[in-house]
Amino acid sequence: MFEMLSDVFKENGLILSFALVGVVMYFSYLFSDKLTKGRLHGSAIAIIVGLILAYIGGVTTGGEKGLSDIGIFTGIGLMGGGMLRDFAIVATAFGANIEEIKKAGFTGVLSLFLGVVVSFVVGVAIALAFGYTDAVSLTTIGAGTATYIVGPVTGTALGASSEVITLSIAAGLVKSILTMIGTPFIAKYIGLDNPRSAIVYGGLMGTTSGVAGGLAATDPKLVPYGAMTATFYTGLGCLMAPSILFIITRSIFG
Amino acid sequence: MKSLVIYGVSLLALCMLTGAFIGDLLGSILGIEANVGGVGIAMLILVLAVDHLKKKKKLTVKSQEGVAFWSAMYIPIVIAMAAQQNVFGAIDGGPLAILAGVAAVFVSWALVPLLSKIGKEKQNTIGDELIGGSDHVRDAK
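Line by line, the protein sequences give chains A and B.
Our numbering puts the last residue of the first sequence at 254; the count rises by one with no breaks.
Our numbering puts the last residue of the second sequence at 395; the count rises by one with no breaks.
You may find that some hints are simply not true.
[Claimed, not checked] For lysine-lysine, the following DSS-like pairs were computed, each having C-alpha atoms within a straight-line distance of at most 25 Å: (1) Lys309(B) <-> Lys102(A); (2) Lys310(B) <-> Lys256(B); (3) Lys308(B) <-> Lys256(B); (4) Lys102(A) <-> Lys308(B); (5) Lys103(A) <-> Lys371(B).
[Stated by the list, open to error] One side only, chain B facing chain A, incomplete, derived with CB under 8 Å: (6) Cys269; (7) Gly281; (8) Ile283; (9) Ala288; (10) Trp324; (11) Met327; (12) Ile329; (13) Ala337; (14) Gly347.
[As the list claims (entries may be wrong)] FRET-style restraints, in silico, Cβ to Cβ: (15) Leu78(A) <-> Leu271(B): 14 to 20 Å; (16) Val109(A) <-> Phe360(B): 41 to 47 Å; (17) Lys34(A) <-> Lys316(B): 36 to 42 Å; (18) Leu271(B) <-> Phe253(A): 41 to 47 Å; (19) Phe360(B) <-> Asn12(A): 55 to 61 Å; (20) Phe253(A) <-> Lys308(B): 50 to 56 Å.
Hints in this document: simulated from the structure, not taken from any laboratory.
For glycine and all other residues, C-beta sits at the position ideal for the given N, C-alpha and C.
Please build the complete structure, drawing on both the sequences and the hints.
Following this line, the structure appears as structure tokens:
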């Protein structure tokens, strides 16, 4: 009986994840309404629940894909994977205003460059404080602090140790997760309530998952603007970190 | 001609595929192992395509519903995305990784208001006609 049910779940992974996410959202919105009187957005709660489930998945399986590493929940990996995520992000552009994008175009590009450099410098500074002194390790950790994709790409290109590459990925993951959780709380203090600041936000933070989740929990209308710039960040990071940023780091730290 | 929901979904899919292709192409031209802004390019193409089709009155309500559905599925998909993050790996990275990630986020947050001011001539607000929202399927205008 139980085995039959488990088989049904396994065979219909994506469908199970639709049902599961719906249930999680229902209780999150209920919690948001009744216990926080709407102050904490329902989707923010649901994202935090998702992250907790991901942690549980990671602890129990030792895998890297959160809840979706657990046999019956593999459908979560499909529903929340890159393909459907990007598809839905593109769909949000349906509501975007082309004039807003044109107006903030230059600021968006500027925020992208600044975003990569700032996160990189912060990562290098922290790595220095922890006793790393060689340019390759510093650059890799700095790159990982930009996003968890830039870190391993840079580290592999420069021949960093696997320990340093793992650290760089972890730094990027922390950034992504904190952006997801923190955005709705910080939004009103940094004026994140209009398309222009959302475009800047996407460029500065850069983590697509973080920005996508964070803005969804803040105001879904802002999503297309932030996501649009954020998706250029990883590419720019992969371009700058192993080249110009590495050369600068090497010239300073040998 | 009959109007179908799939036309909207298909338009969306074509935009995404085109964007992903251009993003990969850009990456290989620049010699890096990454897709450069594929999703962003896809979004721009969609915005322009929708704008063009609406002006020509070629985008029917049905077709718009096809896009609107996926747009409304965005938050549930993001929640599923959260549930498959490597949260354990992030925490397991130790103090260096956590500190670097946290510091980068806070410094970036601090820069948002500064950069938002650049070139800003008037207060931008989202107009009512801007469709979307967490609770309602987009107003197919």
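message = I'd like to know which numbered hints this structure contradicts. Please list them from smallest to largest.
response = Numbers 8, 16 and 19 - these are the hints that the structure violates, sorted from lowest upward.
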